[in-house]
Amino acid sequence: AYDQCETTNEWLGETTLSMKNEENGNRTRRGKGRHNSVHEILNGLAKGEGDLHPALERRVRDFRLAQRKRREKYGSEKPWGILGLYEHLSSIRIDLEWAEDAAWRRQQSEPYLSWSDFEKARAKGSNRPYFIYLLTLLCTVMLIASIGVNGWKIEPLSVNPMIGPSAESLLTLGAKQSALIVTEGEWYRLFSPMILHAGVAHYLLNMLALYFVGTAIEQNHGFLNSAIAFVLAGVGGTVLSAIFLPQFISVGASGGIFGLIGMCVSDIFVNWNLLFVKEAGDEKDYRFRHAMVLMWLLFDILINCLIGLTPFVDNFTHVGGLVYGFLCGLSTIERLEVGFFGVATTTWGKIKNSLVRFAGLILSVVMIMVTTILLVESDGVSSPCHNCRYVSCVPFPPGRENKWWYCDDCNQVTADAHKRDASSPVFDFLDLTCPDGSIERIDIVEDGLGDSDGLLKALPSYCRDYCENVFNA
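If you're matching positions, the sequence shown starts at 812 in my numbering and goes up one per residue.
No lab work stands behind these hints: they were computed from the structure.
Every residue gets a Cβ at the ideal spot worked out from N, C-alpha and C, and that includes glycine.
Wrong hints could be hidden among the right ones.
Unchecked claim - Derived DSBU-like pairs (lysine-lysine); straight-line CA-CA distance at most 35 Å: (1) Lys964 to Lys1230; (2) Lys880 to Lys1230; (3) Lys964 to Lys1214; (4) Lys1268 to Lys1230; (5) Lys1268 to Lys964; (6) Lys931 to Lys1161; (7) Lys880 to Lys964; (8) Lys1214 to Lys1230; (9) Lys1214 to Lys1268.
As the list claims (entries may be wrong) - What follows is a set of in silico ranges between Cβ atoms, one per label pair, in the way DEER data are often shown: (10) Pro1208 to Asp928: 50 to 58 Å; (11) Tyr944 to Leu1185: 30 to 38 Å; (12) Arg882 to Tyr999: 44 to 52 Å.
The whole structure should be built from the sequences, with the hints applied where relevant.
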């Protein structure tokens, strides 16, 4: 489409500058003084000061035009929360790309491409989120497989509140359990949990987050960067979980998704100055927006950590994934160049940017190496922080005797049941092996249990009533 971007005739009628003049225009002004930031340049143009070089002024007007066209199509943006803020940043990235394309076309004496056509072209072809599509397919196949391994049945909510299979079925398909990783050498369990889910509810929550966050990340930073961030964060989070929660069985793409969220946060962090352009006279509103953004960022992270307090989903994977994703993002994401607006990056600024990128890469590698060594040298059973289990799982609801779920190890206990008279229809007593290895003899004749299935369902309750320690030693 030609000349549909509603640029003024004055812009189109001006003589195209050479590449050298366009570059010089980035740093030249007609008036006295100097602009020190993007905010000052955009505000100066908005107030009609007219002290910008013509080439730079056209660039800034192109950027403002793209923003106006976006608001006309999508309405005013409310960049609250991690996803909302990242969508806002993605919009700025696209608007800046269109303005750069307009500047290039001006230099080449070619007609403008309309903003709407540019946006449509950008969403087609190789810019589709193929990694997210592939990952969603794998997770869907494995969810169906896990229910199939479980005999095509869903466990009670007291066993699995995520509406899914049993822990045994998840272990069969590759769920994380430290003992199997360390003592049996099943190191694939550091990777396989990323495509497994505890149940339908867990799957739907993760796929919803993966679609919105993952699609935005992949369309802005590409297949490879998204895959690296997801896998590195997923494995790093699983290693942390294996160290601090060795007896917990955990699954889910949450670690990788939190890695993508961490990448969002790092992108926001390095491009913070371009997120909110302060207009003349709105100092108070400007500060309020920043305060709201920070509040919603913390609220988003808090909500996701609360989800990590349910069984089979752990916060060590979440927090580990978030940290790895943030560090990976510092090293791989492409910064938005303020040079387009005529703001030259100082030598110290270039050094600082290089140090941040280098630090993100080094810290990621060092953390993976250190935590992997700690896992290899562990026994796969004991945790260096016994009470850390409550960071990842809390019995709910509090104060209620029959809870929806527990966070102990009583679901793994075994027992030998006995009858004093072989002709008796019920068991008289049982020897219960508690999670810490101790054995308790319990008289159960009054409970009237005569079949193995009923006895197996009652074992966790006996464990909580009679075992002194309900956690593995």
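Hint by hint, here is what the structure shows:
In summary, the hint linking Lys964 to Lys1230 is supported, as the alpha carbons are separated by about 32 Å, within the 35 Å threshold. A C-alpha spacing of about 81 Å is found between Lys880 and Lys1230, which places the hinted pair above 35 Å, so the restraint is violated. As the CA atoms of Lys964 and Lys1214 are separated by approximately 22 Å, the hinted pair is consistent with the 35 Å bound. Taking the CA atoms of Lys1268 and Lys1230, the gap is near 19 Å; set against the 35 Å cutoff, the hint holds.
Between Lys1268 and Lys964 the CA atoms are separated by roughly 16 Å; this keeps the pair inside 35 Å, and the hint holds. Proximity of Lys931 to Lys1161 is assessed by CA-CA distance (about 34 Å); at most 35 Å being required, the pair is judged to hold. At most 35 Å may separate the alpha-carbon atoms for a hinted pair to count; Lys880 and Lys964 exceed this at roughly 52 Å. Distance hint between Lys1214 and Lys1230 is fulfilled; the C-alpha atoms sit about 31 Å from each other, no more than 35 Å.
Distance hint between Lys1214 and Lys1268 is fulfilled; the C-alpha atoms sit about 15 Å from each other, no more than 35 Å. As the Cβ distance of Pro1208 to Asp928 is approximately 54 Å, the hint placing it in 50 to 58 Å holds. Remark: the range hint 30 to 38 Å for Tyr944 to Leu1185 is upheld by a beta-carbon distance near 36 Å. Our hint of 44 to 52 Å for Arg882 and Tyr999 holds, since their Cβ atoms are close to 49 Å apart.
In summary, the structure is inconsistent with hints 2, 7 from the numbered list given earlier, while agreeing with the others.
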